[in-house]
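Colleague: Following the hints, position chain B against chain A.
These are the residues of each chain, in order.
2 protein chains.
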Amino acid sequence: MTRSREPAGDDRLYFDDLQVGQRFSSATHVVDAEEIKAFARQFDPQPFHLDHEKAKGTLFGGLAASGWHTAAITMRLQVESGLPLAGGIVGAGGEISWPRPTRPGDALRVVSEIEEIVPSRSRPDRGTVKVRSETRNQRDEVVQVLTAKLVVPRRATAAAQS
Amino acid sequence: MTRSREPAGDDRLYFDDLQVGQRFSSATHVVDAEEIKAFARQFDPQPFHLDHEKAKGTLFGGLAASGWHTAAITMRLQVESGLPLAGGIVGAGGEISWPRPTRPGDALRVVSEIEEIVPSRSRPDRGTVKVRSETRNQRDEVVQVLTAKLVVPRRATAAAQS
Numbered sequence: 001m002t003r004s005r006e007p008a009g010d011d012r013l014y015f016d017d018l019q020v021g022q023r024f025s026s027a028t029h030v031v032d033a034e035e036i037k038a039f040a041r042q043f044d045p046q047p048f049h050l051d052h053e054k055a056k057g058t059l060f061g062g063l064a065a066s067g068w069h070t071a072a073i074t075m076r077l078q079v080e081s082g083l084p085l086a087g088g089i090v091g092a093g094g095e096i097s098w099p100r101p102t103r104p105g106d107a108l109r110v111v112s113e114i115e116e117i118v119p120s121r122s123r124p125d126r127g128t129v130k131v132r133s134e135t136r137n138q139r140d141e142v143v144q145v146l147t148a149k150l151v152v153p154r155r156a157t158a159a160a161q162s
Numbered sequence: 163m164t165r166s167r168e169p170a171g172d173d174r175l176y177f178d179d180l181q182v183g184q185r186f187s188s189a190t191h192v193v194d195a196e197e198i199k200a201f202a203r204q205f206d207p208q209p210f211h212l213d214h215e216k217a218k219g220t221l222f223g224g225l226a227a228s229g230w231h232t233a234a235i236t237m238r239l240q241v242e243s244g245l246p247l248a249g250g251i252v253g254a255g256g257e258i259s260w261p262r263p264t265r266p267g268d269a270l271r272v273v274s275e276i277e278e279i280v281p282s283r284s285r286p287d288r289g290t291v292k293v294r295s296e297t298r299n300q301r302d303e304v305v306q307v308l309t310a311k312l313v314v315p316r317r318a319t320a321a322a323q324s
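Which chain is which? The protein sequence lines are A and B, in order. The first sequence begins at 1 in the numbering used here and counts up by one. The second sequence begins at 163 in the numbering used here and counts up by one.
It should be emphasised that the hints constitute simulated quantities derived from the structure, not laboratory data. Note that this is a predicted model, so its numbers are computed, not measured. Treat each hint with caution, since some may be false.
Pair ranges (Cβ atoms, derived) [said to hold, decoys possible]:
{"id": "1", "chain 1": "A", "residue 1": "Val30", "chain 2": "B", "residue 2": "Pro209", "range": "45 to 51 Å"}
{"id": "2", "chain 1": "B", "residue 1": "Ser284", "chain 2": "A", "residue 2": "Arg123", "range": "20 to 26 Å"}
{"id": "3", "chain 1": "B", "residue 1": "Ala254", "chain 2": "A", "residue 2": "Asp140", "range": "18 to 24 Å"}
{"id": "4", "chain 1": "B", "residue 1": "Arg301", "chain 2": "A", "residue 2": "Thr128", "range": "25 to 31 Å"}
{"id": "5", "chain 1": "B", "residue 1": "Gly224", "chain 2": "A", "residue 2": "Thr128", "range": "21 to 27 Å"}
{"id": "6", "chain 1": "B", "residue 1": "Arg301", "chain 2": "A", "residue 2": "Glu95", "range": "26 to 32 Å"}
{"id": "7", "chain 1": "B", "residue 1": "Arg265", "chain 2": "A", "residue 2": "Pro47", "range": "18 to 24 Å"}
{"id": "8", "chain 1": "A", "residue 1": "Arg123", "chain 2": "B", "residue 2": "Pro209", "range": "18 to 24 Å"}
{"id": "9", "chain 1": "A", "residue 1": "His52", "chain 2": "B", "residue 2": "Gly219", "range": "42 to 48 Å"}
{"id": "10", "chain 1": "B", "residue 1": "Gln184", "chain 2": "A", "residue 2": "Pro47", "range": "20 to 26 Å"}
{"id": "11", "chain 1": "A", "residue 1": "Thr128", "chain 2": "B", "residue 2": "Gly219", "range": "36 to 42 Å"}
Backbone N, C-alpha and C define an ideal beta-carbon position, used for all residues, glycine too.
Just chain A, same shape as in the assembly (with noise of 0.2 Å):
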């Protein structure tokens, strides 16, 4: 996994900092078929995402990485290059969807959007945020798309004037 960027806790961003149609890129993660079948044999143990030869004669028609497995590599890239959100990524939950498959030797990177911004009502300290990723390999095609609803802080003097 190539890190290219550990933000230090000043380089954060802090809910106060975001605003809507805010874009952020993350670094690229190779995928190869070793850690397609790896993570299969691990949790998600179909023929399709285990075997080239057995994959062929299903829906996929070829060895393809589970639906889990991209969103982990996502997570993975956007914790360390792609989203630097002050208090880390914490996600509520989402819509998660899978256009096309992550095949053996695709390039991944997530490119992010915030989509919404929204105070708490009740908390003061933090906010909620709609972020739009999508994951592409290397010909910019979507793997996935995913809208979170992520929990993020506000500045400690932000939050003491609301």
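Modeller: Frame of chain A, contents of chain B only:
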């Protein structure tokens, strides 16, 4: 991971065997702290998933599994003992939420219910099934809700008739 059942080809359910309201229940998997940290090191390296002490001062108040780890464990339970679908479990996407975190020692199981059944207009050999799956701990508290759209093959005979 407990393997309670590995359905053979004939036991597996086709699109035509499913009905709205049908319920399925998986085996149980007990999650330990080492497993939580190992997943986090690989895919979600944040303090609240990696370290008991550091997790105490965070939103989680103690070590918690990555939501993607809960999702991956849920998938394993579904594949091995939860949803005996012909063609395997192939998801196009869905909605996911984590009402509370998975903690070390939690015994997780998945309870699923078929919510919608939609034959494909363009492909007589398959259909889409909406399944709501709750992942519950040993106190019957819900740690994850996933409402997924799955692609399920029709029986050859049914497809030929339609």
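Colleague: Does the structure break any of the earlier hints, and which numbers would those be?
Modeller: 1, 2, 7 and 11
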